[in-house]
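Participant: Chains as they are written, first to last, in the working numbering: chain U, 1 to 384; chain P, 1001 to 1089.
Among the hints, erroneous ones may be present.
For the chain P half of the interface with chain U, some residues (derived, Cβ under 10 Å), not all of them [said to hold, decoys possible]:
1. Val1030
2. Ser1034
3. Glu1083
Here are the simulated DSSO-like pairs of lysine-lysine, each with C-alpha atoms no more than 30 Å apart in a straight line [said to hold, decoys possible]:
4. Lys1033(P) / Lys40(U)
5. Lys110(U) / Lys40(U)
6. Lys53(U) / Lys77(U)
7. Lys1033(P) / Lys77(U)
8. Lys141(U) / Lys77(U)
9. Lys53(U) / Lys110(U)
10. Lys207(U) / Lys77(U)
11. Lys205(U) / Lys1033(P)
12. Lys53(U) / Lys118(U)
Hint data in this document are derived by calculation from the structure and do not stem from the laboratory.
Beta carbons are placed, not taken as given, at the ideal position from N, Cα and C, and that holds for glycine.
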Amino acid sequence: MNKVNMKSGMLILLCLMSIQLFAQNDTSATYPPTLDNNVKFKLSGYSFFNYAKPSDDNGGFVEATFSPIFTWRPSDKLFFQTEVEFASSGENYDGSFELEFATLNYIVNKNITLYAGKFLGPLGTFQARYHPAWINRSVNKPIGFGNSVNDLKRLEAGSEAGVGIKGVLPAGNMKFTYDIYLANGGILDPSTGNVEMESFADNNKNKAIGGRLALLPLSNSSLEIGVSGYTAKIGNPGSMYENTRANIFALDLNFVKATSVGIFDIKGEYQQRTVDNGIRYYVDDSDMVGFTYNNNPSVSYLQLAYRLPAVDGNNWVHRFELVGRMASMNVDANSPYGRTMTDLTLGINYWLNFSTVFKLGYDIPNYNGTAGTNVLTLQAAMGF
Amino acid sequence: MKKKIWIIALTILTAGSVYNLSSCSASKSVQAKSGVQLWGENCVRCHNAPSPTRYSDRDWSVILTHMRVTANLTEAEETKIREYLQSAN
């Protein structure tokens, strides 16, 4: 056994010991403590750290994040929420601070809520609901649903600045949900065709309009199917790209069912962003060196999770969860984003309580039939 | 080709799982459901369901307002789940 494997083994042993310590301290006492005279304020959030070991390199602690969420509810109809993220990641373990969202919500009536500010991107469901590490069953985000891949920025905005209206419409045993918003919109990079979706400084008068409509057809809300759309002008005024538009289409699926043989959790999403066809992007407009490609990248994932049922006398069995996820990113071969990519992620989770989990995941990427570098990742995540 | 086979297999597996598991779903109307049932059904759509004793009554009040907007709970669902969590706390 070489030194790297020995270190990995020691790390796993350390984590297993920690599990026991956490498990012993996991009481049902109220946590975090609430100040009696501060009845309308709630501090929540999540934290995680990652250890990653590529198959062709040394392992290391690669990311640590703490994301507190502050909720202030001055009345039954009005509440404000903000999340800030403190993170360290990358080769130099650089620190970063980011305002994830800061949103004012006003509940107009039982079917309508208005919101304004900076809010999580409502297209699809992964970013809006499942991206926190203690909620995401897999050890990382699907390719294309988080960080840039091969310089291709995420297709939808992680956060948007604008206003919106959302709500739920009961229809017998079914429910419809809707979410429509106006935001600043993305900005086109004329040298590559890339689009910066998180553009809080608007580059034109046009506002992006987007939204999601979902159906929960079963009375137990176990199945949800959603469709999302977005359109915006993304070019700078006065430029040859002034009327260029970006359109996004997304489909999402969520199905969770607890049965006598365990809990089945199926999640999936497809996104495609299309920028007007026939556009030539100029790497250097001084000598008009440029290229043309179909600027319609798409990303998708399908994830299956299965948590074991509780067995009499063995209350630790149901703490284990198995996860498998296939994700893909499709780009034009002539684009600057490299090649079409798939990523199979297999994992096993151990839940200490409802919001604290240790995950062990193994990524198997593939580039158009060529194997990439496999990565083993260990994650500890906690929601509070 | 290999990728297409993977996608088709996963799609069939997913569709089959949803069909089989849905066929034994409770058909009781939302109005007829108790708070504990709605709590069990709705929380797990995104995350594991916390114990009622995890937070104080006052915290639950704020959390349920948040979840009503974030998870698109109806007013009736929010009220029933809040009453259950506070009564069981």
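Participant: Taking the earlier hints as the rules, which of them does this structure contradict?
Facilitator: Failing hints, ascending: 2, 3, 6, 8, 9, 11 and 12.
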